Amino acid sequence: MFAAALALVAACVCSAQPLPVTYERLLRASTEPGNWLTYSGDYSSHHYSRLNLITSDNVQRLHAKWIFQMHHAKVETTPIVVDGIMYVTRPPSDVIALDAETGRALWTFEYRMASRVYTCCGEVNRGLAILGDRLFLNTLDAKLVALDARSGRVLWKKDITDPSQGYTATAAPLAVKDKVIVGISGGEAGVRGFVDAYYAATGERAWRFYTIPLPGEPGAETWTGDSWKHGGGTTWITGSFDPDLNLVYWGTGNPGPDYNGDVRRGDNLYSCSVVALDPDSGKLKWYFQFTPHDTHDWDSTQVPVLLDSPVAGRPRKLLVEASRNGFYYVLDRQNGEFLLAKPYVKQTWAKEIDSKGRPVTLPGQEPTLEGNDEIWPGVDGGNNWMSPSYNPITKLLYVSAREERRRFFKSDTLEFRAGDMYAGGGGGGARFRPEENSGKLLAITPETGEIRWARHLLTPHWSGVLSTAGNLVFSSTMQGNFFALDAQTGKELWHFPGGDKVYASPITFLSRGKQFVTLPIGDNLVAFALD
Amino acid sequence: MRLFPIACCLVLSAIPAGAQRLRGEEVRNPADLPERNPLSSESDVVLGRQLFLGRCGLCHGRDGEGGRGAALNTGKYRHGESDREMFLTVRNGIPNTEMPGTFLTDPEVWRLVAYVKRLGLTRASEEKAPGDPQTGRAVYESRGCPACHAIGAQGGDTGPDLSSVGARSSLRYLKESIVSPSTGVPLSYRTVTVTTLAGGKIRGIHLNEDDYSIQLRAMDGNPRSFLKSDLREVRYEKESLMPPYASLSAAELDNLVAYLNSLKGQR
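Protein sequences appear in the order of chains Y and X.
As numbered in the numbering used here, residues 1 to 531 make up the first sequence, in order.
As numbered in the numbering used here, residues 1001 to 1267 make up the second sequence, in order.
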């Protein structure tokens, strides 16, 4: 075992290959742990690294090596790393290439928006895609930009859609074959969501899949009147890809207006779902809706994690997800068949998830005009967009979870205006005592939903999780305490007080043979190494 | 209300012509704006509330109690309390935060400002206190209140600063806070007791905390910080550190409330 690990490390050092990053390399991204080649580390979205130079035995020696200061909140980015060069986005839509050894900038691409855009939740950007020697960037004002990875020079720039209508683009794109797949944001502004694919070479749009069907299309019967026009279903977190099945899996957001469902009776397909799309055509192969007719802003924009494992004695190709609605789900990713759902945080809105995967809802769990205090999880959900991690050695899924009480209300003064808030209510909650809420990092047996261990956190947190072959799990508290746990037991091994809020997920990579771990803490990107 | 049509005319003439846009853009020169809110009548507040519920309540809560966004019902606004400052905050947003600017029209932004100010004033008092403030001041001092509370530069720090308490608190709230202080302890003045591994107990006002340490202001007024690894227990208490002053006579209570109500702070 130890010899095998050494061999892996040797392979790692050699595998920090330079540009160009071909599609074939993206297919095998997990075999290049010296690099970090996609938003979630690989197409299966394991957010895991085979690097094992930093281990549960030596992590106590981990210390800060450099800081890159962004001077702009809020930093939600996950970098790409290729051969010792880190490509990182800075809010709202800049890109910087850094020497991953020193944190010194090699080039900077500063993007200026032509006009102000409406954002619900900060001027954020979550990262890049790389294909060949090109980087692909979604801009806050809904453009897709291709940059030369060597220089930051703009190769092409295309309009995804019209930002004056409330659309923004914040997710990292996903490069698949010769295309770049992008999601769209603006779910609180009454937009109609979609997933797009663009040819990497030219920027020409290859296809668009609207997550809200037109009248007459399948699923349109789940909307009343013209409500589909502002139906939401945005796609603001990067999906996953199974090359064998040739399917891209992408999560969709809440229906609009968020909290007042009276104007959109029905299930509101394909909001709060995962859609399986043919990456060549954009055709919908299957969907699974986690939360029909959502009225709690429980987007299903969690990263879909793909893994192969037996369930009930039968080998399965799985898609697993800890949904924002408080239930952990196991699906067969070949066809969307529902296999299992189990609560992983306190939830009060559903008696159970039935054998078809549909929630059996309980009364008294809707937002009211006066405000409803009796609903768990809160508006930010049991989980949110931060990256989970699946570790093939421990065979555990690590998830950042939120135990939270909030107050849901709806507004009856609905008025749609293009480019303006169209939420129909909200979810406050500062009136609850802080001790009523907490965070936790969960280690879940993915096939069963059993919680193997839980690390309690003082405050619900927004940091994702990285796990490694060094028997480590990395994440951060809300206050910026970046910590490492034993991946098997959850025992805390190390922490660093970073001193600011964290809204991002850690990654790891090699530089000059050394393993680094990085995480944006506040508006500082901090890199850690052993020596 | 009878004055509304007249006020309305004054209002419209007070708004620079260029500011009356259908889709409001960022205001770059604050001097373009009137200093006082031109649209703050009762009907404006009602319209402002509708705008607030549909747009602002998402983050600030239905009644401005806060959530993702700041609480707006405290009467304190970190980015400025004047009408003009609040207009700019709503219009332009707050850079480097999640607070976006808005494309609402200028009159709509003014109405929002009118409503938000009302949120902060719901506990404030224009009421006439029945007691005598001067006599109340003597009660305040003789009962030991300055040991914990500050007014201006004088007093202690274990209780809330009272320099402007009269500007944002109703008479009823003031009375309740004196007689039954544990009824509504502000989150920023929660009581916490920590027990060290050796068994020592330290009680105080909760100042700050994360997963590894906790900070509090001990009863002697000194700030203290503890590593949680050195503590056996951290206990949050619902009771206020302030003792109930139920033994005050009705006259003493009225006078003390009148004194507190007279504290409007300095701008």
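Since the hints were made in silico from the structure, they are not lab data.
Note that the structure is predicted; figures quoted are calculated from it, not measured.
Incorrect hints may appear among the rest.
Claimed, not checked - Distance condition first, Cα-Cα at most 20 Å in a straight line; then the derived SDA-like pairs of lysine to any residue:
1. X:Lys-1201 to X:Lys-1175
2. Y:Lys-491 to X:Asn-1096
3. X:Lys-1238 to Y:Asn-437
4. X:Lys-1228 to Y:Phe-432
5. X:Lys-1238 to Y:Glu-436
6. Y:Lys-440 to X:Ser-1213
7. X:Lys-1228 to Y:Arg-405
8. Y:Lys-158 to Y:Arg-205
9. X:Lys-1238 to Y:Phe-432
10. X:Lys-1228 to Y:Gly-490
11. X:Lys-1117 to Y:Asn-52
12. X:Lys-1264 to Y:Thr-55
13. X:Lys-1175 to X:Tyr-1245
14. Y:Lys-440 to X:Lys-1076
15. Y:Lys-491 to X:Lys-1238
16. Y:Lys-440 to X:Ser-1229
17. Y:Lys-440 to X:Lys-1201
18. X:Lys-1238 to Y:Gly-449
19. X:Lys-1228 to Y:Glu-492
20. X:Lys-1076 to Y:Arg-431
21. Y:Lys-491 to X:Ser-1229
22. Y:Lys-491 to X:Tyr-1212
23. X:Lys-1228 to Y:Lys-158
24. X:Lys-1228 to Y:Arg-455
25. Y:Lys-440 to X:Lys-1175
26. X:Lys-1238 to Y:Gly-313
27. Y:Lys-440 to X:Asn-1222
28. X:Lys-1238 to Y:Gln-60
29. X:Lys-1228 to Y:Arg-205
30. X:Lys-1228 to Y:Arg-431
31. X:Lys-1228 to Y:Phe-496
32. X:Lys-1238 to Y:Arg-431
33. X:Lys-1228 to Y:Thr-459
34. Y:Lys-491 to X:Arg-1232
35. X:Lys-1228 to Y:Leu-493
Holds or violated: Lys-1238 of chain X with Gly-449 of chain Y, Cα cutoff 20 Å?
36 Å, violated
Proposed proximity, Ser-1229 of chain X with Lys-440 of chain Y (alpha carbon, max 20 Å):
Given that 20 Å is the threshold and the Cα spacing comes to 19 Å, the pair holds.
For the pair supplied as a hint, Lys-1238 of chain X and Glu-436 of chain Y, confirm whether the alpha-carbon distance does not exceed 20 Å.
13 Å, holds
Holds or violated: Lys-1228 of chain X with Phe-496 of chain Y, Cα cutoff 20 Å?
15 Å, holds
Going straight from one Cα to the other, do Lys-1228 of chain X and Arg-205 of chain Y come out at no more than 20 Å?
55 Å, violated
Restraint status (C-alpha distance of Lys-1238 of chain X to Gln-60 of chain Y at most 20 Å):
Between Lys-1238 of chain X and Gln-60 of chain Y the Cα gap is close to 39 Å, so the pair fails against 20 Å, i.e. violated.
Would the hint linking Lys-440 of chain Y and Lys-1175 of chain X be met if the CA-CA limit is 20 Å?
At roughly 41 Å apart (the allowed maximum being 20 Å), Lys-1175 of chain X and Lys-440 of chain Y break the hint.
Run the distance test for Lys-1175 of chain X versus Tyr-1245 of chain X: straight-line Cα separation, threshold 20 Å.
10 Å, holds
Restraint check for Lys-1228 of chain X with Arg-431 of chain Y, where alpha carbons must lie at most 20 Å apart
26 Å, violated
Between the alpha carbons of Lys-491 of chain Y and Arg-1232 of chain X, is the straight-line distance 20 Å or under?
19 Å, holds
Taken at face value, is the distance from the CA of Arg-405 of chain Y to the CA of Lys-1228 of chain X at most 20 Å?
Since the Cα atoms of Lys-1228 of chain X and Arg-405 of chain Y sit roughly 25 Å apart, the hinted pair is violated (cutoff 20 Å).
Given hint Asn-437 of chain Y paired with Lys-1238 of chain X - CA-CA distance at most 20 Å
16 Å, holds
The structure fails to meet hints 1, 2, 4, 7, 11, 12, 14, 15, 17, 18, 23, 25, 26, 27, 28, 29, 30 from the earlier list, while all remaining hints are met.
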